[in-house]
Structure formats: structure tokens, C-alpha cells
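Protein chains: 2
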Amino acid sequence: MSDVTCDLSVSVDGFVAGPRQSLDDPLGAGGMRLHEWHFDPQGEDRRIVEDWQTGVGAYVMGRNMFGPGRGEWDLDWTGWWGEEPPYGVPVLVLTHHPRESVQVGATTFHFVTDGVEAAVARAREAAGDRNVAVAGGASTVNQCLAAGLVDQLHLHVVPLTLGDGERLFDGVPPLDLEPVQVVSSPGVTHVKYRVRR
Amino acid sequence: MSDVTCDLSVSVDGFVAGPRQSLDDPLGAGGMRLHEWHFDPQGEDRRIVEDWQTGVGAYVMGRNMFGPGRGEWDLDWTGWWGEEPPYGVPVLVLTHHPRESVQVGATTFHFVTDGVEAAVARAREAAGDRNVAVAGGASTVNQCLAAGLVDQLHLHVVPLTLGDGERLFDGVPPLDLEPVQVVSSPGVTHVKYRVRR
Numbered sequence: 001m002s003d004v005t006c007d008l009s010v011s012v013d014g015f016v017a018g019p020r021q022s023l024d025d026p027l028g029a030g031g032m033r034l035h036e037w038h039f040d041p042q043g044e045d046r047r048i049v050e051d052w053q054t055g056v057g058a059y060v061m062g063r064n065m066f067g068p069g070r071g072e073w074d075l076d077w078t079g080w081w082g083e084e085p086p087y088g089v090p091v092l093v094l095t096h097h098p099r100e101s102v103q104v105g106a107t108t109f110h111f112v113t114d115g116v117e118a119a120v121a122r123a124r125e126a127a128g129d130r131n132v133a134v135a136g137g138a139s140t141v142n143q144c145l146a147a148g149l150v151d152q153l154h155l156h157v158v159p160l161t162l163g164d165g166e167r168l169f170d171g172v173p174p175l176d177l178e179p180v181q182v183v184s185s186p187g188v189t190h191v192k193y194r195v196r197r
Numbered sequence: 001m002s003d004v005t006c007d008l009s010v011s012v013d014g015f016v017a018g019p020r021q022s023l024d025d026p027l028g029a030g031g032m033r034l035h036e037w038h039f040d041p042q043g044e045d046r047r048i049v050e051d052w053q054t055g056v057g058a059y060v061m062g063r064n065m066f067g068p069g070r071g072e073w074d075l076d077w078t079g080w081w082g083e084e085p086p087y088g089v090p091v092l093v094l095t096h097h098p099r100e101s102v103q104v105g106a107t108t109f110h111f112v113t114d115g116v117e118a119a120v121a122r123a124r125e126a127a128g129d130r131n132v133a134v135a136g137g138a139s140t141v142n143q144c145l146a147a148g149l150v151d152q153l154h155l156h157v158v159p160l161t162l163g164d165g166e167r168l169f170d171g172v173p174p175l176d177l178e179p180v181q182v183v184s185s186p187g188v189t190h191v192k193y194r195v196r197r
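If you read the protein sequences in the order shown, they are chains A and B.
For the first sequence, position 119 matches number 119 in this note's numbering, and the numbering has no gaps at all.
For the second sequence, position 135 matches number 135 in this note's numbering, and the numbering has no gaps at all.
I should point out that these hints are in silico values taken from the structure, not numbers from a laboratory.
Only a predicted model underlies this, so the values are computations on that prediction, with no experimental measurement involved.
Glycine included, C-beta positions come from ideal geometry on N, C-alpha and C.
Among the hints, a few may not be true.
[Unchecked claim] Estimated spans, in silico, between C-beta atoms of each pair:
{"id": "1", "chain 1": "A", "residue 1": "51", "chain 2": "B", "residue 2": "97", "range": "54 to 60 Å"}
{"id": "2", "chain 1": "A", "residue 1": "196", "chain 2": "B", "residue 2": "68", "range": "29 to 35 Å"}
{"id": "3", "chain 1": "B", "residue 1": "75", "chain 2": "A", "residue 2": "196", "range": "45 to 51 Å"}
[Said to hold, decoys possible] According to the in silico footprint, chain B covers these stretches of chain A (three or more CB under 8 Å from chain B):
{"id": "4", "stretch": "10 to 24"}
{"id": "5", "stretch": "67 to 74"}
{"id": "6", "stretch": "153 to 161"}
{"id": "7", "stretch": "183 to 194"}
Take these sequences, add in the hints, and give me the full structure.
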């Protein structure tokens, strides 16, 4: 049985994005600093980034991670990710608004309107014996955690606090975790947890 | 110059105590689970616990960590800590209500009514060239962090989430941290941060 995994860069105070997210600043104030470590990773960080996508057969993401905007779709918009999105496998996008699937480069985005359980089930089907990765954002991850759908939580803890923003674990009932790997570099502490059932 | 340090056991979702704290359950629902790792520590955990009090010349703590109750003092109460409190050096207790110093075993508790900066200053004086440790709880730690008084933050991250409770970093403006040591055991991940100025 494959696993549902979730890799997240997070501040020490538990935010995965900063406050005041906008079209110009989709990660919110300070939020980009959570991701700088994987732009040009060295050493252990590099190995972690290489592992990140290994064995992933499908992704689940929230609509805001596909693109900005609410309500009905602007069908000209095919995502934040440019002409060659970094996925290369099916991506299930959670939305309240139906849309036909869209292929961009080697990645096909499918739109799921019946909730996280359905999205993860469809992703599992697409992934076969590979893992399903929940890509984000916070709301999608928290819904998946609350529904007991996540097997592995990989936190990349960046040594700063944001003070406000989108909070991991918001609304998630208490969980028991098992740390299975801890690796640290000066820029980030990587902790792999298995979620206990 | 000595450092102001702070050692805290914290859940993965950032709580240092659970919800619904009471006289019978001073750590709140689930909060005791954050501390089980240091009751009978082995291996790396043991070394961390031994280090914990080394070089500490004085402590600062909030009133709730000295004892329950609000308002005027019940002078018969000399703290949660029994006849031989585990400090053995001066402890500065933050309170709004003046009280004479109390010696219990080898520990003297002094009561400070003029805020965290004054408490840390008096603790520094008492500690000489040794460190000052901010013992807790969350409110005292957060006030010290917000006032820029903490040099080293040692987080002992216990692999569970509590979902609610007393939150570290609540009301603390964004901080830059530097991880200086990461040590992990199956029961807890220990991360020492230096607070950057």
C-alpha cells in the first residue's frame, strides 16, 4: 500500500505562509523566506529536495496553489507553474467549481469538487503503487490531517518565526506522531514524522 | 556576558501546555505528555536533561509556575515544588502582588512586581557570570521573547499535537533564529536556537 505524504516548509512558530497573502505576494509577508532553502540546496538539503518527489505518483493541492482567483474559472489561466510545471504526474486540484482537466507540459491538472477524501482517493488511483503527495496549502493539508488521510508528514523547519499567517494544524484534532528521521543543516531542520493511527 | 536561556518542551503544533488548565490539571489536557520524556531519560535525552540546569545562576518564572491562585497571596503556600525545589539558585517570580522573599530548601523565591525586564535584570544580577534561565510558562516566555530578552531558545519538540492550549510565540513579533544544535531521540527532537539580533 502506498503512502500519502506531505512535505511542508514551516516556520518555527508553525506557519506555512505569512500574513496578507495577495496576487502580488501569494506566500504572504515573509512567506518566501520559508522556501529559499530549496532554491539552491547544498549537502543534506540537496538530498532532501531530491527525495521530495521520488516515488510520488500523484499530487493533491488546493485551488490557491494552482492559481489565484475565486468563483468561476478564468479558463485562460493554467496555473502559477508556467509551461512546464514541476510535477510530471497527475495533480488533483480541490475546488468548488467544476472544470475540465488541463494538460500543461507533462502535468495534467484534474479538478475535484467533492472534497479531500475524494481527491485523495482519485490521486491514489492515479498513483498506483507510488505515493500520493499533498502539496498544500495549509487549508488542504489541515483538511487531510483532520480526515486522517496523511501517513507521513515531512516538516522542513526554517529558523525564523513569522508571527502570523497560514497555520499548519489549524483545526486539526490532536495527533500522535513518530519521528522517523531528523536531518539538520544551518538553514533548515528536516523532521520526517509518521502519523500514528 | 552571560546568556538568557529558555528550555521548553513543546508539541509539534507549538503548545507548551494543553487546554483547560486547572488546579487538578495544571498542565492542561494532554500537557503532561510533553514532560514524560525527562522523567527517566536515556541516552541523548539524558545528556540534554543534565545540561539543562548546568551553568544556570538564576531563574525567572511566571506566578502560575510558582503556584495556583490569583490576587492576594496565600502566604502558607510556598509553591508547587515541595520542600526541596529543583532550582537551588534564586528564582524571580513575576507577579502583580508584592510578597516577601521565601526560602524553601536551597531555593529562594523573590517576587517581582515591575515586569519581565526588571525580573530578568534582577536575575542577571543574582546569576553573576552564570546564565539566567526563563523557566516558563508560556506567557512569561512570550513576554521575554517579545522584549528581546532571550539569547538562546532550546525547544524539546515532543512528537504529538495538542490542538489547543498555551501557545509559544503568541503575540511575539517575527524572530530570526540560528539553529546551533539538533539532537534527536525517538521520543523528542531537541533544537537549540540562538536568537539573532
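List of violated hint numbers, smallest to largest: 5
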